[in-house]
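As they're listed, the protein sequences go chains A and B.
With this note's numbering applied, the first sequence corresponds to residues 345 to 770, in that order.
With this note's numbering applied, the second sequence corresponds to residues 2 to 347, in that order.
Just to be clear, a hint being listed does not mean it is correct.
To be verified - Just so you have them, the derived chain A footprint on chain B, three or more residues with Cβ under 8 Å:
#1 141 to 148
#2 254 to 268
#3 297 to 309
Unchecked claim - In silico lysine to aspartate or glutamate, EDC-like type, Cα no more than 20 Å apart, as pairs:
#4 B:Lys-297 - A:Glu-464
#5 A:Lys-683 - B:Glu-183
#6 B:Lys-297 - A:Asp-488
#7 B:Lys-244 - A:Glu-363
#8 B:Lys-206 - B:Glu-216
#9 A:Lys-703 - B:Glu-121
#10 B:Lys-147 - B:Glu-134
#11 B:Lys-256 - A:Asp-488
#12 A:Lys-703 - B:Glu-277
#13 B:Lys-164 - B:Glu-182
#14 B:Lys-256 - A:Glu-370
#15 A:Lys-394 - A:Asp-488
#16 A:Lys-683 - B:Glu-134
Stated by the list, open to error - Chain A is nowhere near these chain B residues, computed Cβ spacing over 10 Å in every case:
#17 Gln-83
#18 Arg-90
#19 Glu-100
#20 Ala-152
#21 Arg-172
#22 Lys-178
#23 Glu-196
#24 Arg-205
#25 Glu-216
#26 Pro-272
#27 Ser-273
#28 Lys-316
#29 Glu-340
#30 Arg-344
Worth flagging that the hints you see were computed from the coordinates, not collected in a lab.
Quick reminder that beta carbons are idealized off the backbone N, C-alpha and C, glycines included.
Given next are the chains, with one letter for each unit.
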Amino acid sequence: MTWVLAVAVMIGSSPASAELLIRITEGADSAIPVAVVPFSESGAMPSGDKISSIVQDDLTMTGEFRPLPAEKMLSLPAKGDDVYFRDWRMLGQRYVLVGQLTRRGDKVEARYELFDVNREQRIMGATASSSVNSTRSLAHHISDRVYEAITGVPGAFSTKLAYVTLERSGDEPLYRLQVSDVDGKRARVRLESDEPILSPAWSPDARKLAYVSFETGKPAIYIHELSTGNRTRVADYRGLNSAPAWSDDGRSLLVTLSKDGNAEIYKLDIESGSLKRLTNHWSIDTEPMWDHTGDGFYFTSDRSGGPQIYHKASEDAEPRRITFGSRYNARPRPDNDGKYVYYVHQRDKSFHIARTNLKTEEETVLTRTDSDESPSVAPNGRMLIYATKQGGNSVLTVIAADGGAAYSLPASKGDVREPAWSPIVR
Amino acid sequence: MRGHERDVISTGQPPWKSPVALSILMHGLVLGVALAGWSWSVPKDDPQPPSISARLVTQNEPEPSPVTEPVDQPDRDEERRQEEQEKQRQEEAERQKAEEEERARQEARRIKQEKEREQERQRQEEEARRKQEQQRQAEEEAARQKAEAEAKERERQKAEEEKRRQEEAARKAAEEKRRAEEQRKQEEAERKAREERERLEAERKRKERERRLQEQQLEALADEAQQQRESDERKRREAAAAKAREAQMLSESQKYQALIRERLSQAWYPPSSATEEMTARLQITLLPTGELASVKLVSSSGNTAFDNSALGAVKSLNRYPIPDDRDTFESYFRQFTIEFNPRRLR
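Just chain A, same shape as in the assembly:
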């Protein structure tokens, strides 16, 4: 009987009773198919880009979405009742965004709903409105909400970009500090100078920009209040004054000064103008940036011979070298959650944007372009903007933070450099 029992046990323990488990460890390489159905309109709408088109472009820019062209849609529902999941499913779509725009006086109101085609659920429904003149803001707002609803990450479509353009009329260069939407639209010039303007940096509240201007013939650091246009020169020491970076509380800047004979990093209290030297090395230490904790900072130093990325966990800690992959790694830009640090990386005489996983210390080159410079990470960490050369001109390109699809901003005349992505202001 023993072996009968054994048989029973064997049968009992057959895999049939143990439920099958399939592990999915990799996702699709392609972007998420999403259908942004042109919003229905009731009342007079401003001319220009349609809100749904802007949303579609926003989603596309991230590299995470692959919107369905409107002409391929089988129907154009404007509200949930008209959404037939089967149709969208047949089209291979994962999400469907529908909406209705209504003109109410000088405002445009949007009612929009986002549907998960496979789950056949409405995952979001909201209304928003804006003035007739700022429907782009309304569109970016909707993009942000959609993006967050799908990805769980706040959208960064309503943030701003600051950058510097250079135009040459004859031998006269014209530098312009400009601020635009993330898609490059609605760009506004905040400062014009025939001297170089460098390193714009957003205050934490996105109301001010700090930057380096050579307008006096030598570099000095200014704080520029955008709403009023008021400017303050906060650092104008002998020698080099460069690379301002805001602290989280907006009260101080990390700056690079060579007032003591060598480029060193200082903490500048904005209000009092007091300085605290944070590095002390015979080599160049520059391009500081606070890490996500606000206690430590990254910077570039050539103390090892060439420029490399270092990190100080606190103001008084010993610097720790981060990059080793090549002889040139500079301009560190950490993300907001301490996972990656992005930087300019030279390889085979080309300059790329690369990132290092701070946990695994794995370095990844993100760009396929060369002559890449000035990386800036979107506040949600999902996108990266940098300057690169295109047809002899310098342009701005947005890529997914993991190196996915690139989205080139519409080029204006001349070179575009020194992009800075604004923080998200809630």
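We have chain A already, so just place chain B on it with the hints.
Below, chain B alone, put in the same frame as chain A:
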């Protein structure tokens, strides 16, 4: 009675021969003795013992005996011898005077005896006649008696017969009774024997029944054991077959697991917020057509977008690649769990 008859038969030889021979012998002997010692005088007239004949007669009483003739012949011999003896006695008269007297007396006695003998003879004749008469009578009597006896005999025989018959009857009755008794006994015995037989038979039958029952039980047990063995064997074979089948199903299932994994990987868009630490588990139930019957989030990643991306991926497949084999399907793909856990994010 038969002995008697036999005796009669044995006297068939002349009965008188024997006494005659004896008498001759006796006379010769006396003569011899007289010649040898005393010349011829002394043994004279040796009185013959009448008793012989008498005895003979008496001995042969029932026979009609011719006694006279033998008696006559010795008488003549006697006279001759007496003459001789007279001469001898004259020669010796003296000496035997006493004896003469004696002789005289003897003579006298002899005469007397003669007379007596005559008388005797006459008496004997009378007697013989009487005897004859008697004999006749006796014979008659005998005949009568015989008849009577015969009658008696018959009677007796009859009685005897009767008695015998009665005895026989009695015997028969007894016999009958005995037989009856015997029969009864026999019957009793037979009955007892029968009863015993029946009892034995019953016992035997009971034992047979019990034996049969036991056999049946044993057979049942044997059958059961056999069935058990067969069942065990069947189970073992089934288990072996199931094992082989399982192996086949397993390899089959692994093929389809890989297909499902591939399809789901292509269909899964991990959201931007996904991290390697996130894991969502979904239990899905399929229809035999491969269509999704139901899906349940059994373990959340803690991130809604991540969970939704997994749910969306699972639901995006119109048909799951499943094996044609129904058993494999039922064993592995009717219900299973899918775990979404990005090993490496872009």
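To see whether the hints hold, each was checked on the structure:
1. Counting residues of the segment 141 to 148 of chain B whose beta carbon lies closer than 8 Å to any beta carbon of chain A gives 0, which falls short of the minimum of three for the stated coverage.
2. For the segment 254 to 268 of chain B, the stated coverage by chain A is satisfied: 8 residues place a CB nearer than 8 Å to a CB of that chain, which reaches the threshold of 3.
3. With a cut-off of 8 Å between beta carbons, the segment 297 to 309 of chain B has 5 residues touching chain A; three or more are needed, and the interface restraint holds.
4. Of the pairs offered as hints, the one joining Lys-297 (chain B) and Glu-464 (chain A) holds, with about 15 Å between alpha carbons and a cut-off of 20 Å not exceeded.
5. For the hint linking Lys-683 (chain A) to Glu-183 (chain B), the alpha-carbon distance of about 128 Å lies beyond 20 Å, and the restraint is violated.
6. Between Lys-297 (chain B) and Asp-488 (chain A), the direct Cα distance comes to roughly 29 Å. Violation of the 20 Å bound is thereby established for this hinted pair.
7. A threshold of 20 Å between alpha carbons decides the hint, and for Lys-244 (chain B) with Glu-363 (chain A) the separation of about 17 Å falls inside it, so the pair holds.
8. Distance check on the hinted pair: Lys-206 (chain B) and Glu-216 (chain B) sit about 14 Å apart at the alpha-carbon level, within 20 Å; holds.
9. A distance of roughly 193 Å separates the Cα atoms of Lys-703 (chain A) and Glu-121 (chain B); the hinted pair therefore is violated under the 20 Å criterion.
10. Under the criterion of a C-alpha separation no larger than 20 Å, the hint pairing Lys-147 (chain B) with Glu-134 (chain B) is consistent with the structure, at around 17 Å.
11. For the proposed pair Lys-256 (chain B) and Asp-488 (chain A), the alpha carbon gap of about 42 Å is over 20 Å, so the pair is violated.
12. Using a Cα cut-off of 20 Å, the hinted pair Lys-703 (chain A) and Glu-277 (chain B) holds, with the two alpha carbons roughly 12 Å apart.
13. Simply put, Lys-164 (chain B) and Glu-182 (chain B) have alpha-carbon atoms about 23 Å apart, too far for the 20 Å limit, and the pair is violated.
14. At most 20 Å may separate the alpha-carbon atoms for a hinted pair to count; Lys-256 (chain B) and Glu-370 (chain A) meet this at roughly 18 Å.
15. A distance of roughly 16 Å separates the Cα atoms of Lys-394 (chain A) and Asp-488 (chain A); the hinted pair therefore holds under the 20 Å criterion.
16. With a C-alpha separation of about 188 Å, the suggested pairing of Lys-683 (chain A) with Glu-134 (chain B) is violated against the 20 Å cut-off.
17. With a closest Cβ-Cβ approach of about 145 Å to chain A, Gln-83 (chain B) is found to remain outside the 10 Å limit, as its non-interface label requires.
18. Listed as outside the interface, Arg-90 (chain B) is consistent with that label: its C-beta sits roughly 149 Å from the nearest C-beta of chain A, beyond the 10 Å cut-off.
19. With a minimum CB-CB distance of about 146 Å to chain A, Glu-100 (chain B) clears the 10 Å threshold, and the non-interface call stands.
20. At roughly 107 Å, the least C-beta separation between Ala-152 (chain B) and chain A is larger than 10 Å, which holds for a residue marked as non-interface.
21. Separation of Arg-172 (chain B) from chain A is adequate, the least Cβ-Cβ distance of about 82 Å exceeding the 10 Å criterion.
22. Annotated as non-interface, Lys-178 (chain B) keeps its C-beta farther than 10 Å from every C-beta of chain A; the closest such distance is 75 Å.
23. Residue placement check: Glu-196 (chain B) keeps its beta carbon more than 10 Å from all beta carbons of chain A (closest about 51 Å).
24. No Cβ of chain A comes within 10 Å of the Cβ of Arg-205 (chain B); the nearest lies about 39 Å off, and the non-interface call holds.
25. With a cut of 10 Å on Cβ distances, Glu-216 (chain B) stays outside the contact zone with chain A, its closest approach being about 25 Å.
26. Its beta-carbon lying about 4 Å from the closest one in chain A, Pro-272 (chain B) breaks the requirement of being farther than 10 Å from that chain.
27. Look at Ser-273 (chain B): its CB is around 4 Å from the nearest CB on chain A, not clear of 10 Å, so calling it non-interface is violated.
28. Interface exclusion of Lys-316 (chain B) from chain A breaks down, the closest Cβ pair being 4 Å apart, not more than 10 Å.
29. For Glu-340 (chain B), the requirement that its beta carbon stay farther than 10 Å from each beta carbon of chain A is not met, with the minimum near 5 Å.
30. Distance check for Arg-344 (chain B) against chain A: the nearest CB is about 4 Å away, which does not clear 10 Å, and the non-interface claim fails.
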